[in-house]
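Participant: The primary structure of each chain is shown beneath.
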Amino acid sequence: MAKVVVVTSGKGGVGKTTSTAALGAALAQLGQNVVIIDFDVGLRNLDLVMGAERRVVYDFINVTQGVAKLSQALIRDKRLDKLALLPASQTRDKDALTEDGVQRVIAALRQQFDWVICDSPAGIERGATLAMRFADEAIVVTNPEVSSVRDSDRIIGILDAKTVKAERGDRVEKHLLITRYDQARAARGEMLTIDDVLEILSTPLLGIVPESEEVLRASNLGSPVTFNNPGSGPARAYFDAARRLMGESIQMTIPTDKQGFLGKLFGRRAA
Amino acid sequence: MTSVPNPGQSTRFVCRSYMAVVLVPEPPIVEWVTEIEQRIKGAGRFLVGSPIVLDLSAVKLSKSAIAHLVAELDHRGVRVMGIENADPASVGEGVPPMVRPSRGASTNLDVAAKPAPEPRHKPTTLLLDEPVRSGQSIFFPDGDVTVLGSVGSGAEVVAGGSIHVYGALRGRAMAGSNGNTRARIFCSRIEAELLAIDGHYVTAESMDKNLRDRAVQAWLEGTELKITALD
Numbered sequence: 016m017a018k019v020v021v022v023t024s025g026k027g028g029v030g031k032t033t034s035t036a037a038l039g040a041a042l043a044q045l046g047q048n049v050v051i052i053d054f055d056v057g058l059r060n061l062d063l064v065m066g067a068e069r070r071v072v073y074d075f076i077n078v079t080q081g082v083a084k085l086s087q088a089l090i091r092d093k094r095l096d097k098l099a100l101l102p103a104s105q106t107r108d109k110d111a112l113t114e115d116g117v118q119r120v121i122a123a124l125r126q127q128f129d130w131v132i133c134d135s136p137a138g139i140e141r142g143a144t145l146a147m148r149f150a151d152e153a154i155v156v157t158n159p160e161v162s163s164v165r166d167s168d169r170i171i172g173i174l175d176a177k178t179v180k181a182e183r184g185d186r187v188e189k190h191l192l193i194t195r196y197d198q199a200r201a202a203r204g205e206m207l208t209i210d211d212v213l214e215i216l217s218t219p220l221l222g223i224v225p226e227s228e229e230v231l232r233a234s235n236l237g238s239p240v241t242f243n244n245p246g247s248g249p250a251r252a253y254f255d256a257a258r259r260l261m262g263e264s265i266q267m268t269i270p271t272d273k274q275g276f277l278g279k280l281f282g283r284r285a286a
Numbered sequence: 117m118t119s120v121p122n123p124g125q126s127t128r129f130v131c132r133s134y135m136a137v138v139l140v141p142e143p144p145i146v147e148w149v150t151e152i153e154q155r156i157k158g159a160g161r162f163l164v165g166s167p168i169v170l171d172l173s174a175v176k177l178s179k180s181a182i183a184h185l186v187a188e189l190d191h192r193g194v195r196v197m198g199i200e201n202a203d204p205a206s207v208g209e210g211v212p213p214m215v216r217p218s219r220g221a222s223t224n225l226d227v228a229a230k231p232a233p234e235p236r237h238k239p240t241t242l243l244l245d246e247p248v249r250s251g252q253s254i255f256f257p258d259g260d261v262t263v264l265g266s267v268g269s270g271a272e273v274v275a276g277g278s279i280h281v282y283g284a285l286r287g288r289a290m291a292g293s294n295g296n297t298r299a300r301i302f303c304s305r306i307e308a309e310l311l312a313i314d315g316h317y318v319t320a321e322s323m324d325k326n327l328r329d330r331a332v333q334a335w336l337e338g339t340e341l342k343i344t345a346l347d
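Keeping their order, the protein sequence lines are chains W and S. Quick note, the first sequence lines up with residues 16 to 286 if you use my numbering. Quick note, the second sequence lines up with residues 117 to 347 if you use my numbering.
One or more hints might be untrue.
Derived contacts from chain S toward chain W, CB cut-off under 7 Å, selection only [as the list claims (entries may be wrong)]:
1. Pro247
2. Gly251
3. Gln252
4. Gly268
Worth flagging that the hints you see were computed from the coordinates, not collected in a lab. From the three backbone atoms N, C-alpha and C, an ideal C-beta is built for every residue, glycine too.
Please construct the entire structure, taking both the sequences and the accompanying hints into account.
Facilitator: This is the structure we're talking about:
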């Protein structure tokens with residue numbers, strides 16, 4: 016049974032695209048068939064982060080409009096053929112996406128893959144609501160600071176109101192992914208603590224990704240951090256998160272870049 | 117016998133079931149009416165003057181359309197006594213009443229001795245078992261609102277009565293919105309942006325800093341909103 020997961024946040028720049036790439040790659044590295052879709056029509060980035068920008072011929076919009084076949088637009092990853100990318104169009108805007116078109120493409124992808132991961136654009140407008148529209152589960156990406164947390168709270172409310180699942184009276188399962196977490200700064204009170212974030216959002220925690228220059232380095236190389244440096248703190252955090260998505264129960268830790276050293280243990284999950 | 121009403125004596129109502137012919141209009145309605153007309157001219161004389169029930173399950177008609185149809189049938193001698201399976205919104209004044217098929221029982225009902233069940237009261241409290249998220253607005257003018265989770269920053273709860281929040285109140289709470297000065301606001305942890313009762317409000321800035329993060333209640337004294345800790 017394929018699962019459709021939206022990676023969303025409300026606020027921009029918190030790490031949606033990085034997390035989509037890293038989680039998609041991690042799931043594929045764990046043997047799953049994965050497709051990642053860029054919903055950021057007009058401001059596409061996922062192709063760059065995946066290092067596939069030179070291979071884009073047809074895009075998501077072409078497929079929704081029937082100009083290209085799905086098989087023509089899907090880009091298989093050169094490093095791992097279990098991973099595919101459906102790029103966004105850079106020359107169009109979000110109005111080019113239609114609900115019917117998105118529904119058709121997602122239904123077709125469900126047949127071919129175990130995981131359909133939708134990289135949502137920032138904001139709460141059309142692009143973001145269409146990215147979450149057909150989701151079974153949602154990963155809410157949050158940085159430990161107040162504006163990001165409040166925007167995530169808003170997005171969680173929208174997930175509970177505007178998804179097909181919610182309209183049927185069902186609920187989209189939500190997971191919280193805290194990124195750019197800096198333990199030293201949190202200890203000095205310069206950041207919200209994990210407990211603060213969980214208390215405000217009351218959503219189960221999927222993972223804590225530490226702030227690390229490995230993430231930026233990997234993005235610039237066009238390689239998800241789980242490919243580029245699997246032993247790094249963020250890569251291990253994403254692998255743990257991917258395993259939790261697959262239903263494994265793994266103790267919550269904050270992996271650091273120092274191999275073998277595990278951060279403070281967080282055994283707790285929010286209600 | 118005089119007709120002076122006697123307050124001690126109950127009015128008797130009698131319920132009985134009757135047989136009625138049920139007609140099921142089908143779209144297009146105009147053609148259907150013509151067909152009925154043909155029937156009456158032929159072997160369908162029994163339709164004229166008999167009690168008729170219209171089953172509207174096959175068509176979707178507005179109130180005025182139903183009234184028009186009933187008038188058209190009446191014009192041809194077909195007397196509609198009731199309507200079945202219509203949208204409740206399209207019946208009412210000027211349209212025959214809704215009927216429901218019975219099992220054919222005939223019963224006497226003494227209204228005073230056994231009053232008909234009262235219409236269910238509209239709920240006067242709203243219970244929310246999920247957090248109220250940023251950007252959500254809860255508006256309940258009919259009474260109290262109880263929130264089991266938190267009210268997020270940028271969320272608002274407006275109630276005609278009191279507001280009870282069992283989690284943290286980080287957004288806005290406006291109680292007594294219908295002019296109820298006795299409404300109160302209770303929360304187990306206050307980080308609110310704004311509290312208001314009957315339009316008299318305090319913002320986060322003007323609240324006593326010592327109350328921050330504590331369980332409090334707010335009420336109105338004259339035109340002044342007072343807040344005290346519950347613990």
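Participant: Taking the hints in turn, state whether each one holds.
Facilitator: Quick rundown of the hints versus the structure:
1. With a least beta-carbon distance of about 6 Å to chain W, the hint placing proline 247 of chain S at the interface is held under the 7 Å criterion.
2. A hinted interface residue such as glycine 251 of chain S counts as satisfied when its beta carbon comes closer than 7 Å to some beta carbon of chain W; here the least separation is about 4 Å, so the hint holds.
3. Hint status for glutamine 252 of chain S: holds, given a least beta-carbon distance of 5 Å to chain W, under 7 Å.
4. At a threshold of 7 Å, the smallest CB-CB gap from glycine 268 of chain S to chain W is about 4 Å, leaving the interface hint in force.
Of the numbered hints stated above, none is contradicted by the structure.
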